[in-house]
Every structure is written in structure tokens, then in C-alpha cells.
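K.L.:
Chain by chain, the residues run as shown.
2 protein chains.
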Amino acid sequence: MATVKNGQVVLKGYIEGAPKKDDMEMKIGTVELKAPKGSGALLVKNLYLSCDPYMRARMRNFHGSYIQPFVPGQPIEGFGVAKVLDSDNPNFKPGDFISGFTCWEEYSLIHNTSQLRKIQPDDSIPLSYHLGLLGIAPFLRNLLCMPGFTAYAGFYEICSPKKGECVFVSAASGAVGQLVGQLAKLHGCYVVGSAGSSQKVDLLKNKLGFDEAFNYKEETDLDAALKRYFPQGIDIYFDNVGGAMLDAALLNMQVHGRIAVCGMVSLHSYSDPKGIHNLFCLVTKRIKMQGFLQSDYMHKFPQFLEHVTDSYKQGKIVYIEDMTEGLETAPAAFVGLFSGKNIGKQVVCVARE
Amino acid sequence: MATVKNGQVVLKGYIEGAPKKDDMEMKIGTVELKAPKGSGALLVKNLYLSCDPYMRARMRNFHGSYIQPFVPGQPIEGFGVAKVLDSDNPNFKPGDFISGFTCWEEYSLIHNTSQLRKIQPDDSIPLSYHLGLLGIAPFLRNLLCMPGFTAYAGFYEICSPKKGECVFVSAASGAVGQLVGQLAKLHGCYVVGSAGSSQKVDLLKNKLGFDEAFNYKEETDLDAALKRYFPQGIDIYFDNVGGAMLDAALLNMQVHGRIAVCGMVSLHSYSDPKGIHNLFCLVTKRIKMQGFLQSDYMHKFPQFLEHVTDSYKQGKIVYIEDMTEGLETAPAAFVGLFSGKNIGKQVVCVARE
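These protein sequence lines are chains A and B, in that order. Once you know that position 278 of the first sequence is 280 in the working numbering, the rest is easy, because the numbers rise by one and skip nothing. Once you know that position 221 of the second sequence is 223 in the working numbering, the rest is easy, because the numbers rise by one and skip nothing.
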């Protein structure tokens, strides 16, 4: 098989604080389009790469987390959709589409195939949606990068929603939030979302079907904003941001409220050292606050896939992606996550097929 | 009936920050030892008064809490054990012992009798234990002042303990903590407590049966202290203090750990404005953190009473009280709660019968 050039996005070195574009660089290597005999590996062509907030934690030289750091000088590892070009593994054949852990490069040799999921192409669902709406890695434990199933597991398993309850979603137009809000609406809840621009607020109200939405950057008093939208209090808060918004939400929870802590962006943020001050509300209002990873709820995955796929095909759910074109756009796309530049799930298209 | 002198402890005015002894003062009034006809009230002689951290919240001029503020110039209201001297209520007769809301004075006229519980005197259990070990007010909602049942409901209902799990209790020699630790030991758990003096640590290890205990004031690094006692991590943290200890515990929780937030002292404390910083652990370790009030679990009360009474009579549970003598000692006893002066449940003995 041919040896070809292989563009790669490489981490230059470990970082502190917010990631910058030039913490990463493009390199051009070469690759033989072949899965070596006896390796059990796959040689894949990467099509779509997922930009996820948790990846920031892997850019730090910290080994105590639930996931290992990246290796400087090596391509960044991430969730992607790819096409198999060559296989030394009986479970995969050339032409198969897969989702799972790959690298930020044009072609990857994947040895750890137990993490991969074969995708059945379906003309009515874009391939890239397997990074967002349907995103899941069934054999991956302890990872927070599957927005669709994270939204589903968090909303149904942690929040125990009841029809008519009042639901607040932060980072509501993001990869997870947009699905949480739509699931809550389908469940008969009143749903309000917060986001960081008027364009996102517009999307929430006019495209994603939220009852109300507001731009948190225009609110000088988050507590007052929440009181405006939830005069009776919040039954369920799906927290994607932590920080000051969590503190304000605590003040506005209803008795026996539930807070699902997803917080993919803010948990990795070190820009807000102020801490959380309103945890006394946990007692006075008997609130349950729970962190979760979708991987603990894998037994619900088939149910999720059926529910969300059907709802999408029936037009009851939409999904918004922010797709950039070309591997070289990946560093900027990733960095944009942390300033809220993306509108919807951030994906990089490396190649369309 | 006779008119007699009635010593009272009165709140002078609303406070901010930590309570001081002279925020209260003794007054001598008079009282007719009679329940007026048609009032439905009881005239009681107060025997034992309970000093509880939540009472501090009632000394502030803040009406948004789960309990109303005290009235300046009036005797302080609190949980107590009393003897009925006169009754205009068919459910009570002179000579009955009751527990429930009364006032910090020698004699009280109690109109709201629906909150009271009749005590069956039992020679093997001190009357004052109805403020601590067996403390409960069955008709009171939203109140955090019944140590025994709070410990029971929090440990069994919120923490879902399993035999062999590792349990950490803060303020472990306090009114709630000492029972939590003993219930955990009876349940087959490994139990470590923290307290604020070597005398308390000694009690925990040698009288209350904790596996280990430490004086948090002697630890410069709470995280390191917890790692020493819980090399495998904490499965259950029964949090009575919040603040820096909660932050350190978060770092040391096991995956799927549970935190019961009782926090009677620290939640009302405004001396630590640093906030909580390690909530990211909720996600990475999928922790459930839940506030609770014992009043949500009243259906478990008969079970509690039987379990704890039997265990006490069989010598499997002990209970430590810190009792001061005389109504005039009440202000100092109450203030001492906030500097950790009390050892065990703080009670004021007004009269023995």
C-alpha cells in the first residue's frame, strides 16, 4: 500500500490556564496506509474530529485525574469518526465507518480497537452526529465526551424529571445543553436556558424550542435573572458551567430540587477562584446535587439510541453543529470552546469521506 | 394558682456574625402557674433546654430562611423537655413530661401544642436524652434540631451505607456526629472522626468506638490528614462542618461516594468566605451530595426509636452530653457551640423536676 503525507496536530508542551492556539502546532509526517500483519490494528482515514472541553485536562501535566495527560510532541488524541482503509482485525473491514478514540491527524493506526464502535451509515443522520447527538463510546469508562448520551443519562437518571417541572440549563446551546433542553420539553417541562450571546439565545428560543432563554453576559445579577424566569423556583438545574451560575441557581432551587453536575467547561477552568458560597441551600432546601459520567449508565444506551434517533427522524429533535473545515482549523476550534465562540457542538471536518 | 417569679433569657437585638454572650440577657418576670380556660394551652415548668447551632440563624433579621427570626426583647425559643403543671388541653394533664418547642425561661405558657410530644418516662433513659439521642419533634417540619433522628435519617437514607465501607464524620463528638459514628460502627463500617481538641479525640477513640480520630486544629493540611486515614478513599462523608474540611473531603472521596450535608454549624457561619473549590470532584468521582432535614423521613421515626433505644439499653450505643446547671448559664453554653467548647450535646438544666 501507498505511503502518503500525514498532517498532524501536535501538543507542543503542557499548559497551565486556558489553552491557546499556539499550544498546538501542525506537523507533516508520513504514513503507510497499511495495518501491519499481526498487529490487530486498523489504519483509518479520519473524517470528523470532536472538540471537547474535557481535553483541556489532558493538556496539563497532572496524572491524578480520571484520564491520562497527552504526550507532548505527539498528535492530540480525541473522539472522532473515521473510515477503515486497512484492517488486521477480523471485526473490521475496509470501508467500515467507526467512531471512537483516534488522533488529530489525517490517518491513524489504531491499536486499541476495543474502544471503537462500528457505525451503520444512515442517510437520514449525518455521520458527524456520532460525535454529538448520538455520541457514545460503549467501551470507554470514565470519559466525559459523549454529549448525546451524557444529556440523556444526566437528565433521566440524575434529575428524575416530572411533567410540569421547571428546568434550567446552562450553556444551553452547547453540545450537551441543547439536547437536555429538548428532552425536557418533550417530557412536558418548562425549560429556560442560558447562553453567552444573543445569537445563541435566539437559537434556543426559535430553533431549539426552549420556553425562555437569556444571555448571561447581559445580566448584572444572575440571582435576579433566575428569579425573573423562575418565580416559583427551579426543580431541576442541569449545570454545564459551575461557578457564579451554580451559586445563583442554588439560591433559586425549589425544595427537593435536583442538580446534575456536568460542568465540562467550568470544571476545567481555573479562571474563577472565587469558589461556591451557597451550598447552605443544599440543607435548607434538601437539594440533591450529583456528578455523573454517562459511562455508569451504559445499560440505558440502547434505549437512548432508539429514543433519540426516532425523535430526530420525526423532526422532534434538532441538533446544531459548529463545523470547521480542514485539520488545520482544529486548534482554533478547540480554543474557541473556552471563550464560547462555538454555536452548538464543535466538530472539525478533516475529510468528507 | 400561684404567681411566681419567672427567670427568662431574652435576645437583646438582632446580631451579625458570631453570637456573643451579651447578645442575650437575663430578665426576671412573673408568671401565673395556670393555663387560661379556653386557651387550649399548657403551663409547663422547663427542665432541660437544648442549645442548637441552627438557632443562630434566628438571631438574624432575615426572613427568607426556613425558620422565622426570634423577637428581640422576648425569651429565646428553643427545643426543650418540660413538665406540665396545668393544662387546658385534653391531650395533656399535669405531671406529663413533654418535649418540643418551649422558651428559655423557668415556666412557659405553650399555645402551640400540636408541636409537642409526650414523653413516657423510662428510668433507663435520662429525660434530657430526648433533646439529643432521641431528639425529635414529630409535627415540626423544616427544622434541624433533632440530633438523634438527624443522624439516623442522614446516615441510612442519604448515605446508603454498606458493610465495610469507609466513613468519615466531622464534628464527630457533637450532638449528631457521635451517633452517626456509632451507627456506622454497628453497621460494620470503618469510621474516622474529626474534632477540635485532644479531649474530644480521646472520647471518640476510647468511649465512642471510632476506629480513628484526629484533631483538625493540629493538622496543617487537611487533605494530607484524610489521605493518612483513608488511603483507599472515603465512601461516605457525613458533613457537619462544611468549609475547608468539605473541600478536603471532596478530594478524598471514592468513586460513587456519598456526602450527607448536615452542616448545622458551618452553614450558619459567615466567618469563612472562601467558598468551596473542589466541586469538580463531584463529576470526576460521580459523587452524590445531598442536603436533608430529618423531617422528610418521619415515616422512619418508629424504626429509629426502636433501634436506638434498644441499642442504648443493650449498651451498644452511648451518648455524651455537656450539661450546664441553671438557666443563667444558657447564653454562655449557646455561644460555646460556635467555638467548639461543648463536648457532646449541649444541654442546659433549668430544673431536675
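Just to be clear, a hint being listed does not mean it is correct.
Identical copies go unnamed one by one, so any copy, or any two together, can satisfy a pair.
Listed next, the in silico DSS-like pairs over lysine-lysine satisfying Cα-Cα at most 30 Å (straight line) [what the hints assert, rightly or not]:
#1 K207 x K120
#2 K22 x K318
#3 K120 x K164
#4 K120 x K287
#5 K290 x K23
#6 K290 x K164
#7 K276 x K229
#8 K22 x K287
#9 K14 x K209
#10 K290 x K276
#11 K120 x K165
#12 K343 x K229
Simulated from the structure, these hints should not be mistaken for laboratory data. Remember, it's a predicted structure, so these values are computed and weren't measured experimentally.
K.L.:
Each hint needs a verdict: does it hold in this structure or not?
P.N.:
Tested hints:
1. In this homomeric assembly, K207 and K120 never come within 30 Å of each other (Cα to Cα): the closest approach is 35 Å inside a single copy and 57 Å across copies.
2. For the homomeric pair K22 and K318, neither the shortest alpha-carbon distance inside one copy (38 Å) nor that between copies (61 Å) is at most 30 Å.
3. Taking the shortest alpha-carbon separations for K120 and K164, neither the intra-copy value of 35 Å nor the inter-copy value of 39 Å comes in at or below 30 Å.
4. In this assembly of identical chains, the alpha carbons of K120 and K287 lie at most 30 Å apart only when taken from different copies (29 Å versus 45 Å within one copy).
5. In the homo-oligomer, the alpha carbons of K290 and K23 never lie at most 30 Å apart, since the shortest distance is 38 Å inside one protomer and 36 Å across protomers.
6. In this homomeric assembly, K290 and K164 come within 30 Å of each other (Cα to Cα) both inside a single copy, at 15 Å, and across copies, at 20 Å.
7. For the homomeric pair K276 and K229, the shortest alpha-carbon distances inside one copy (22 Å) and between copies (25 Å) are both at most 30 Å.
8. In the homo-oligomer, the alpha carbons of K22 and K287 lie at most 30 Å apart only across protomers (28 Å), although the nearest pairing inside one protomer, at 41 Å, exceeds that limit.
9. For a Cα distance limit of 30 Å, the shortest separation of K14 from K209 qualifies neither inside one copy, at 39 Å, nor across copies, at 58 Å.
10. In this homomeric assembly, K290 and K276 come within 30 Å of each other (Cα to Cα) both inside a single copy, at 22 Å, and across copies, at 22 Å.
11. In this assembly of identical chains, the alpha carbons of K120 and K165 never lie at most 30 Å apart, being 36 Å within a copy and 41 Å across copies at closest.
12. For a Cα distance limit of 30 Å, the shortest separation of K343 from K229 inside one copy, 27 Å, qualifies, whereas the shortest one across copies, 40 Å, does not.
When the structure is compared with the earlier hints, violations turn up for hints 1, 2, 3, 5, 9 and 11 and for no others.
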